[in-house]
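Engineer: First residue of the sequence shown: 3, per our numbering; consecutive thereafter.
Treat the hints with care, since some could be wrong.
[Claimed, not checked] Cut-off 30 Å, straight-line C-alpha distance, at most; resulting in silico cross-link-like pairs (DSS-like, lysine-lysine):
1) K101 to K33
2) K101 to K112
3) K60 to K48
4) K254 to K170
5) K190 to K170
6) K170 to K257
7) K26 to K101
8) K252 to K170
9) K112 to K50
10) K92 to K190
Worth flagging that the hints you see were computed from the coordinates, not collected in a lab.
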Amino acid sequence: MNIDHYAETLLHQGDLDHKLISPKLVTSFNKFQLQNIPDLPGRCEKMKISDERVSFPKNLTDLNQRAKALHFFANHELLAIEMLAAALLKFDLDETAQKIVLATIADEQKHFRLYCERMKDFGCEFGDYPVNDFFWRQLLKIETFESFYALVALSLEQANLDFAQYYKDVFIRLGDPQTANVLDIVLKDEERHVHFGIDHLASKIENSEELWDYYQQLLPYNFTPARARGNMFNEQSRINAGFPEHYIEKIKNFKDEYKIVNRKQWKQK
Numbered sequence: 003m004n005i006d007h008y009a010e011t012l013l014h015q016g017d018l019d020h021k022l023i024s025p026k027l028v029t030s031f032n033k034f035q036l037q038n039i040p041d042l043p044g045r046c047e048k049m050k051i052s053d054e055r056v057s058f059p060k061n062l063t064d065l066n067q068r069a070k071a072l073h074f075f076a077n078h079e080l081l082a083i084e085m086l087a088a089a090l091l092k093f094d095l096d097e098t099a100q101k102i103v104l105a106t107i108a109d110e111q112k113h114f115r116l117y118c119e120r121m122k123d124f125g126c127e128f129g130d131y132p133v134n135d136f137f138w139r140q141l142l143k144i145e146t147f148e149s150f151y152a153l154v155a156l157s158l159e160q161a162n163l164d165f166a167q168y169y170k171d172v173f174i175r176l177g178d179p180q181t182a183n184v185l186d187i188v189l190k191d192e193e194r195h196v197h198f199g200i201d202h203l204a205s206k207i208e209n210s211e212e213l214w215d216y217y218q219q220l221l222p223y224n225f226t227p228a229r230a231r232g233n234m235f236n237e238q239s240r241i242n243a244g245f246p247e248h249y250i251e252k253i254k255n256f257k258d259e260y261k262i263v264n265r266k267q268w269k270q271k
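Build out the structure end to end from the sequences listed, making use of the hints.
Structural biologist: Okay, structure coming up:
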């Protein structure tokens, strides 16, 4: 299978069997005609993007609410798979970059499966709750692979360095080592994914001191760097991912008028 046919399958087919096809099926990297990103990825009726707003659960002692939280996380992983597939089709990437994207897709598929397997233990299947497309709407605003990495690796996945650590600790306190272990796997993989983004953007600037300014220039319109932070600050994972010290200080102390920068530690009952 050529890489474009693989990406088209993940992006346009609506069922999970197709979304979770292994990148190992890609056997060729022949050139193909680049494609625009569709307004929405293909999803079957049960998994369709919804306008209905669903609040993230706060009482994770309740197993139904725990399943709902994992459903949120799983949708983020599925969107990541679809966004990475869209990147393969939209941007003229060399084979090395394509293979890095494929490796990341394999990780996101693994994460999605892990979340879904744990959700089943709580009596929940993917599609039982409405899902949103906020991440996808940001993708539609970008025009370069550098902006893609700024959005996905250095914003959404960087924030997940915080969220994965935070919820790992929450589930440990709740006596749920199985779910905590899933979050630990995700966290370690996210460090590597963020590193890919840092490495790519660093290749476009003269020195690491420029990374913060370059990152901000690449972000989609009306998308704040505050989105790259969670509800705690996991400095060690940022060091592990390879962020330069000055960048860590910038994102740690970043403030603007956007309310998300003032996230508080979310209390779990």
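Engineer: The structure should be examined with respect to each hint, and the outcome stated for every one.
Structural biologist: So, going through the hints one by one against the coordinates:
Simply put, K101 and K33 have alpha-carbon atoms about 14 Å apart, close enough for the 30 Å limit, and the pair holds. Distance hint between K101 and K112 is fulfilled; the C-alpha atoms sit about 17 Å from each other, no more than 30 Å. Between the alpha carbons of K60 and K48 the distance comes to roughly 25 Å, so the proposed pair stays at or under 30 Å and holds. The hinted pair formed by K254 and K170 meets the criterion: a straight-line CA distance of about 21 Å does not exceed 30 Å.
Our distance criterion of 30 Å between C-alpha atoms is met by K190 and K170, whose separation comes to about 12 Å. This hinted pair checks out: K170 and K257 have alpha carbons roughly 26 Å apart, not beyond 30 Å. With a CA separation close to 10 Å, the supplied pair K26 and K101 stays within the 30 Å bound. Between K252 and K170 the CA atoms are separated by roughly 25 Å; this keeps the pair inside 30 Å, and the hint holds.
Restraint check for K112 and K50: satisfied, since their Cα atoms lie roughly 21 Å apart, inside the 30 Å limit. Restraint check: the Cα-Cα separation between K92 and K190 comes to about 28 Å, which is no more than 30 Å; the hinted pair holds.
Every hint, counting from the list given before, is met by this structure.
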